[in-house]
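Trainee: In case you want the letters, here they are:
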Amino acid sequence: MRRPLFRQWAHDYGWFALLLLILLVSWEAVVAIGWVPSFIIPAPTSIIRSLIEDSPLLFGQHLIATLEEVSLGFLLSVIVGVMLAVSMHILRPIEKALYPFLIISQTIPLIALSPIFIMWFGYSIWSKVAVVFLTAFFPIVVSTYDGLKKGDRDYTELLLTMGANRWDIFRTIEIPMALPSFFSGLKLSIVYCVVGATIGEWLGGTKGLGYFSRRMASNMHTDAMFASILLLSLLGISLFMMIVIMEKQILKRRGSTK
Amino acid sequence: MSILSLHNLTYSYSQSHESAIIQGLSMNVHAGEFISIIGVSGSGKSTLFKLIAGLLEPNCGEIRIHGEKCTTNRLGEVAYMPQKDLLLPWRTVLDNCLLPWEFNRKPSRGHKEEVIANIQRMLARFGLGKYEHCYPNELSGGMRQRVAFLRTLIAGQDLLLLDEPFGALDAMTKREMHRWLLDLWDDLHKTILFITHDLEEAILLSDRIYLLPTEHNQGVQEIHVNLPRPRHYAMNYDPHFIQLRKDLEQRLYEKTSI
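Going down the list, the sequences are from chains B and P. Just so you know, the working numbering puts 189 at position 175 of the first sequence, and the rest follows in order with no gaps. Just so you know, the working numbering puts 46 at position 8 of the second sequence, and the rest follows in order with no gaps.
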């Protein structure tokens, strides 16, 4: 059992792992030889060392804070995003009225808006959640809305001849057909959530991995800064994987939708 | 008794009546009849079905189902089966067959358990007993078509509109489906309107054949198929059958050559 499993892994990720190893070794070598000073790019080993040294602070405080912001922001994005998408789908005037605003909301540079968020929400968690929400709700609205529009005309007509009403069609055809697209949106959104939380913490905060990385950068603790960036990236990857697993579980037993 | 009668039906996709796809069409269908509708592409066969089913409204003319004049909403009055099986890929065979029951809000729709038992009985009779909990992508084309037909029957309507139900199947599977349908026909007690391009199929299955006009000066032509029931494939070589086929081909050919 072990061997085929390893083989499968090697087949899927072997080349990636090899390249990663080569990159890490040459990176380490470049720093060790002294071509690049370690306060500009720290060696991978010193990043790991700093990660271990600061782990109580990193995991115990800052990771949890960031995770809180991400979770709240994501939850809010999903709820509001789905509500917006569904109402836009059901009522055409709402779509006409809201779509331009959605686009506008994405063209506003978040960094420029941040002083206002700080004014509104102070240095509390909500100023970060607001940034997370603004970056993360858009892909959910667009993907859910597009997914709902996919509802096939042939299916709709067939159901109508069976006596189905608007709600029947929404629930039996449009929602299941929108799910794959909805999950694509979730996957994009969760990654944006981590980015959004980091930006939010940079702009003003007292804890979180983004805040930590900024503080370390200004103190020239480049290795600690890289350690927190590594953690942020790992956080994004694990959250992304969680959505992928959820998607597989939910869409498991269905054939090709097309 | 006439189960369906169309009187002077006219329908046009655009505003002008000159380009009407169906013009002044009248026909009468009696209970228990199997009627095929033949016509070249673009002669409005599918449009006719959509009109009868209630997906479209005629510009003028009259549709009577069970002798009652239909005004607007007649959706859910007749059962409609499109060329594509349109089984929902995320529902099992049984759940797909339950669809018409789910949308039926009449008090006569029966209890779910009874309907399920009924579906299971019919699945067994259709040679699909073992596939009740399978998903559509696990079935062959012929099996999917049979499930789609069963779903059409479950709607419980007396009049079935079948729009090229075997058109997408290969020749062998199609033959098998003909045999199966002929075996079934005597116990079915339904009225079928059947669109096809296949002349042999039309003669083998039907009591009457309607030939739709291509130019509007020609009316609908009606052909009686006086072959005895039960029908079987050996009749393909019956002189009467061959004569009918020749006649049909001539009429179609004459039409398209003008």
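Everything labelled a hint here was simulated from the structure, so no lab data went into it. Glycine included, each C-beta is placed from N, C-alpha and C at the ideal position. One or more hints might be untrue.
List of simulated lysine-lysine pairs, DSS-like, C-alpha gap at most 27 Å [unchecked claim]: (1) P:Lys212 - B:Lys164; (2) P:Lys88 - B:Lys266; (3) B:Lys163 - P:Lys168; (4) P:Lys122 - B:Lys266.
Derived Cβ-Cβ restraints for the label pairs, each shown as a range [stated by the list, open to error]: (5) B:Ile93 - P:Asn156: 36 to 46 Å; (6) B:Ile104 - P:Gly148: 24 to 34 Å; (7) P:His171 - B:Glu42: 50 to 60 Å; (8) P:Glu95 - B:His25: 51 to 61 Å.
Non-contacting residues of chain B with respect to chain P, defined by C-beta distances greater than 12 Å in every case (computed) [to be verified]: (9) Gln22; (10) Gly28; (11) Leu33; (12) Leu35; (13) Leu71; (14) Ile104; (15) Leu105; (16) Glu109; (17) Asp160; (18) Met176; (19) Gly177; (20) Pro190; (21) Gly250; (22) Met260; (23) Ile264.
Trainee: None of the hints should be skipped; say for each whether it holds.
Mentor: Structure-based check of each hint:
no. : hint                            : in the structure
1   : P:Lys212 - B:Lys164             : violated (31 Å)
2   : P:Lys88 - B:Lys266              : violated (35 Å)
3   : B:Lys163 - P:Lys168             : violated (35 Å)
4   : P:Lys122 - B:Lys266             : holds (24 Å)
5   : B:Ile93 - P:Asn156: 36 to 46 Å  : holds (41 Å)
6   : B:Ile104 - P:Gly148: 24 to 34 Å : holds (31 Å)
7   : P:His171 - B:Glu42: 50 to 60 Å  : holds (56 Å)
8   : P:Glu95 - B:His25: 51 to 61 Å   : holds (59 Å)
9   : Gln22                           : holds (24 Å)
10  : Gly28                           : holds (32 Å)
11  : Leu33                           : holds (37 Å)
12  : Leu35                           : holds (41 Å)
13  : Leu71                           : holds (47 Å)
14  : Ile104                          : holds (19 Å)
15  : Leu105                          : holds (22 Å)
16  : Glu109                          : holds (24 Å)
17  : Asp160                          : holds (19 Å)
18  : Met176                          : violated (5 Å)
19  : Gly177                          : violated (3 Å)
20  : Pro190                          : violated (5 Å)
21  : Gly250                          : holds (30 Å)
22  : Met260                          : holds (16 Å)
23  : Ile264                          : violated (10 Å)
The structure does not agree with the numbered hints 1, 2, 3, 18, 19, 20, 23 stated previously, though it agrees with the rest.
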